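Asks: Read off the chains here:
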Amino acid sequence: MASQAMQKALARIYLDADLREKIVAHPSVLNDLRLGQADAEQLRAFVLANRRALDRFAEMIGRKRALRLASVFPISSRLLGADTWASVCKTALSTSASRTIDEVTLCAQVMNGLDNWRDLPPFRDLVTLEALKATVARLVAPEQQMFNSSENWRPKLNRSARIARLDFSPTAISAWASAGGVDHLDREPTPVLLHKRSGTYQTVQIATLRPLLAEVLMACDGHRMANEIALDYSRGRDELASGIREALQGYLELGVLSFEQEM
Amino acid sequence: MKALPPNLMNLGVGLGFREQLRPMIATHDGEIDFYELIGDTLFDDFTLEETLRATAGRPVVCHFLAASLATAGPLDPEYLEGIKRVSRTTGCLWVSDHLAITSVFDHDIGHLTPPILDNSTLNMVADKIKRIQDVTGRIFLIENISYLFMPPGAEMSEADFLQRLCTMADCGLLLDLNNLHVNASNHDFNPYEFLMTLPLDRVLQVHIAGSAWSEDLLIDTHADPVPASVFELLGTVRARGGAGAVLLERDRNFPPDEELISELRKAREVWKSHAIGEHYSRDIDLVYPPADN
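Sequences listed follow chains A and B, in order.
Going by the working numbering, the first residue of the first sequence is number 204, and it counts up by one from there.
Going by the working numbering, the first residue of the second sequence is number 898, and it counts up by one from there.
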C-alpha cells in the first residue's frame, strides 16, 4: 500500500505552493516529510515533471473552495459584492494554501478575513446570522454513539469544530439590519461555534455561544473529565453543573465533541 | 452468482438531482427515468426527506463523494454508517463513489485526487468496496476520475486497475465518459483503447457531462454542454453491453430547461439506438434487493 507518509506528502504538495518551490530549489526539505530515500527521490521527480499541472490543480481547489464558501455565506457574499467577497476569500485561501485544511477552519478564516472591514461591522455578524438560519434548517438527528455514561468521560473538542469570537452580537446586528442601519453599533464580544458533523460534506454549521459555554467547550481537551469541568465552571452551583453536563452530552451528540472513555 | 435484474440493466436516462433543478424536474419529470442523488448531502433528515419528496416515483441511485477509498487505512466508520443509512432510507438501486483520495488522515484535500495505482492499493480498495457492499446490501460502482497528473509509484494503468478491481471486489463500474474524454485529451491517449481494456458488461452506469478548455487543458466542469465525442463514447459502451443507465450531470451554469431536455433526449436516442438487447447475463454476484428489506 502507498505509505501513509507518502500520501501525506502528496496531499501537502497538492496544496502548498511554497513546499513545491522548496522541493525544487532545496531538495533537503524532503527529509522533513519522513520518506525513505527512494520515495523522496520519486516525489521530487514527480514535482519537477508536473509543476505546471500541480499549480493548475491548486488553482482549481482554490476556486472550488471559494464557491463552497459563497454557498455557506450567500447573503454576505452578495452584499459585500463580488470584488470584496473575492478579496475576503483570497485572504482565507492564501492562508490555507500553505497547509492542508478542513472546511471549518476555512470558514473561520473567512470570518477572520472580515476583520479587515472594521468599518463595515454588520457584515461580519451577518455571516454568522445567515449561517444560524442554515443551522436551524438543518437540525440533524443525534448520532448513535457508543456512549454509556453521563459522567465518566473525557470530552474533547472535535477536530471539525472551532470557537471564534465576534466583535458584535448577531442579535444586535439583526436589529440594526431591521432598522435600516443606525449611526452607532455597540461592540459586544460574542463567541461563536463553527462545526461540521463528521462524515458530512461541505456543510459548516455556526451557532452563537454564551460566554460560559465557550469557556467550557474550550476546556474540553480530552484530559479532564466531564464532571470535573462541570464542577469547575459551575462555581459551586449544582444546578449549573448539571446543565453543563447535559450541554456536553448534547454537543457530543451533535459531533462537536468526541470523548475519551474513562478506563 | 446472480444475474442482474433486467430492470437494472436498462434503467434508462437519468439526471443528477441538484436543488437548482427542482423546478425543471417538477415540469419535465416524464423525460427522466431515474435520479442520482449526492449521498453526502443527505446525511441530515431534513434534506433527505425533501429530496425524496422531489424525486418521488422514480428510481434513485446514490452517488458519494468523500469515502476516499484509496486513502491508506480503514474506511471512516461514521461515513460508512452514513452510506448505509442513506442507501437504505432512499431505497437506492446501487451506491457509487470514486477511485480517488479526497482526504488524508485529519485533512480534507477538498477535491478528488488520483491514487497510486499499485497492487497494495488495489487490494485495499477492493476490500473497502466489499465492506460497503456487505453493509449496504447493494452493489457498489466505482467511478473513474479526471486528473491532471498521476502520482508516482504506479504498477499498472488506470484501465487495468479498474478491470482488476471490478473482478476482485465483484463490483460494478460507473464509467464517467466525460472524465475519460478529458483525460484522453489532456494526456494524449486513445479513449477507445481504454474502453477495450474495461469489463464493459460491468458498466452499469455512465456519467455524461460537459467540459471546457482552460488554456491548453480540458477541464471537467459539469457546467457546459455535453460534447459530441462523449455521446460517441456512450454509443460504443452501449453497443458493447454497458451503460444500462445514463446519467446527465450538471452542477453549475444551469441552462434553460429546453437545453437540458435536449441533452437528455440526445442521450436517450444514442442509448436506444446502440442497445444490443433487452437482457443479458452479468457475472456479478449482486445482492439485490437487500436481504433485510
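There may be inaccurate statements among the hints.
[Unchecked claim] Below are the DSSO-like pairs computed for lysine-lysine, each with C-alpha atoms no more than 30 Å apart in a straight line:
#, chain 1, residue 1, chain 2, residue 2
1, A, 211, B, 1027
2, A, 359, A, 211
3, A, 359, A, 225
4, A, 359, B, 1169
5, B, 1169, A, 267
6, B, 981, A, 211
[Said to hold, decoys possible] Calculated from the model, a selection of chain B residues having no Cβ within reach of chain A, i.e. all distances over 12 Å:
#, residue
7, 967
8, 988
9, 1001
10, 1010
11, 1034
12, 1045
13, 1098
14, 1137
15, 1149
16, 1162
17, 1169
[Stated by the list, open to error] The calculated label-pair distances, taken between Cβ atoms and stated as ranges, are:
#, chain 1, residue 1, chain 2, residue 2, range
18, A, 231, B, 955, 52 to 60 Å
19, B, 920, A, 274, 44 to 52 Å
20, A, 225, B, 1156, 42 to 50 Å
21, A, 235, B, 1136, 46 to 54 Å
22, A, 244, B, 1159, 46 to 54 Å
Calculated from the structure, these hints are not laboratory results.
These figures come from a predicted structure and were not determined experimentally.
C-beta: ideal position from N, C-alpha, C; glycine also.
Asks: What are the numbers of the hints that this structure violates, sorted from low to high?
Replies: 3, 4, 5, 7, 9, 10, 12, 15 and 19
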